[in-house]
Amino acid sequence: MPKVGTQEIARLLREYAQRSALCGGNAYRTKAYSRAADSLAALAVPLDVLIAEDRLKEIPGVGEAIADIITKLHKTGTHPSLEKLRKEIPEGVLEMLAAPGLRPEKVLRLYKDLGITSLAELEAAAKDDRIKKAKGLGAALQTKILQNLAIAKSGEGRLHLHRAVALLAHAKDSLLKARPELKRVTVAGDFRRGCELVGDLTIVAEAPKIAKTSKASAAHGLQIRLSDRKHFGATLLFATGSAAHVEQLQALAAEKGMRLDGDGLHKGRTLISGDEAEIYRALSLPFIDPELREGRGELELALRGKLPKLVNDQDLRGILHCHTDASDGTETLETMAKATRQRGFEYFGVADHSKSAHYAGGLSVEEIAQQHREADRLSKRFGKDFRILKGIESDILADGSLDYEDDVPERFDFVVASIHGRFKLDRKAQTQRLLRAISHPHTTIIGHMTGRQLQRRPGYEIDVEKVLRACAKHDVVVEINAHPWRLDLDWRWHQAALDFGCMLSINPDAHSIPELDHMHWGVEMARKGGVPADRVLNAMPLSDLTRYLRQKRRSLDRAA
42 MPKVGTQEIA RLLREYAQRS ALCGGNAYRT KAYSRAADSL AALAVPLDVL IAEDRLKEIP
102 GVGEAIADII TKLHKTGTHP SLEKLRKEIP EGVLEMLAAP GLRPEKVLRL YKDLGITSLA
162 ELEAAAKDDR IKKAKGLGAA LQTKILQNLA IAKSGEGRLH LHRAVALLAH AKDSLLKARP
222 ELKRVTVAGD FRRGCELVGD LTIVAEAPKI AKTSKASAAH GLQIRLSDRK HFGATLLFAT
282 GSAAHVEQLQ ALAAEKGMRL DGDGLHKGRT LISGDEAEIY RALSLPFIDP ELREGRGELE
342 LALRGKLPKL VNDQDLRGIL HCHTDASDGT ETLETMAKAT RQRGFEYFGV ADHSKSAHYA
402 GGLSVEEIAQ QHREADRLSK RFGKDFRILK GIESDILADG SLDYEDDVPE RFDFVVASIH
462 GRFKLDRKAQ TQRLLRAISH PHTTIIGHMT GRQLQRRPGY EIDVEKVLRA CAKHDVVVEI
522 NAHPWRLDLD WRWHQAALDF GCMLSINPDA HSIPELDHMH WGVEMARKGG VPADRVLNAM
582 PLSDLTRYLR QKRRSLDRAA
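Quick note on the numbering used here: the sequence shown kicks off at 42 and runs consecutively.
It is worth saying that the hints were derived from the structure and are not from the lab.
Fair warning: this is a prediction, and the values are worked out from it, not measured in the lab.
Idealized CB from N, CA, C, for every residue including glycine.
Keep in mind that a hint or two might mislead.
[Unchecked claim] Estimated spans, in silico, between C-beta atoms of each pair: (1) R127 <-> G542: 56 to 62 Å; (2) G142 <-> T371: 54 to 60 Å; (3) E408 <-> A210: 56 to 62 Å; (4) G338 <-> G65: 47 to 53 Å; (5) P249 <-> D575: 40 to 46 Å; (6) K271 <-> E146: 55 to 61 Å; (7) A439 <-> E129: 41 to 47 Å; (8) D516 <-> E129: 58 to 64 Å; (9) G177 <-> R422: 52 to 58 Å; (10) T371 <-> A210: 22 to 28 Å; (11) G542 <-> R414: 33 to 39 Å.
With the hints as constraints, model all of the structure from the sequences given.
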């Protein structure tokens, strides 16, 4: 029988993972199957080659056991363990695992107790109120299912940025090993545009001889687009998108009596340019950064010379909103500060959870005093070129007040005010809650404003425009939370924040040393939102930031 293709094996591995989860299999192992499936789907080298050369374990997430499973699937299209699992659960039940937050044990109960065998049946049962009447399921689960089905549809087939970058890095590396003659191997698609979820894994490369362009044959698949040197830039432009941006460029070209297609910019039969930057120049446009290419008015800004100079990683001078083992982080204050300094930053802003966050080891007043003594000791040791800023992530309570008595917030250099509970308040009440927190004189930053978690839960309902206007009025900074599950505030609101006069802060919400590097994803979101460095709080040097914080403190004293 013919060997099974890479994309089909990736699908079978996902099925293996899902069936194992439903049958109570080891959670770590089921996640490993899913990660391996994603890696296979983005494979840039023929699977036959890797199997023949015993190189399967080079694939991210593939160890000895999974390599053996892949080999069997490749040869036969199935596996004894998979066939055994298939006898226990109908295929349609697996669909329900796509609903965020719906755990395998609940899926199993929905199947066994209510006979639900597909996503469509699940949605119908929720709309017909069948789930809330079932013992052990209830109204809360029914509401959550309806909400999360919408999330599943909006994020279907897409990966978080941090997962996509790992797959694309491996794809580039393996492609270059397999075809060393390729040049300018460049990531394109929605990843190059800095989209918060990535469904288009695309690589463009320059080849000395053009072969047939290879494209993915299934969802999650990698697309490799090859071009010669003359047309590389045009290929990259079209592979980057977005479709709306490219269509607007084509319309502009037509207005100027030219034609733009995948081979480049033409006037009649003459190729004017196949280089990306030169195409923009020939259309009387400055180069438009890929993050802005969404067809949302960027061409009009470019034509008027009003494109923003976007913030970049090198602009950031310090890190704010980080956690230590004093609350729910994994590292000490000293270790986190040292790791931040080693990354070239000038300051580290500790912001552990406040006392109401019992679930996260929130700090008592005594623990705050202890942490501040430690921060002062370390700052003295580090010297004038690096400083620990003393902050807190204060819970916004249900009525909009902040944690602690009024004299406690005065002890901090900055306060990040965040909502961590009571997400189900209605839009008006949740907005008023945030407005009261913003008006608190010690609030410096509003953390993860909408509370969303991508592909997990929607944000709570608020009037974002009203909240942003209040932030501008009270000189409260808006956080761009850089954790790849959050990326909140959504980039689509950044321009409004800028227009109202808000400052923004790119914060990693780091709970460990590796999470300090989440800053890059926050920068990507800020760039996508059109944010320049001079509107980012932590792009300020230490001296300017401390002056800014002192001025805010003096204004509080005058108001008092």
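Index of numbered hints that the structure contradicts, given in increasing order: Numbers 2, 3, in rising order.
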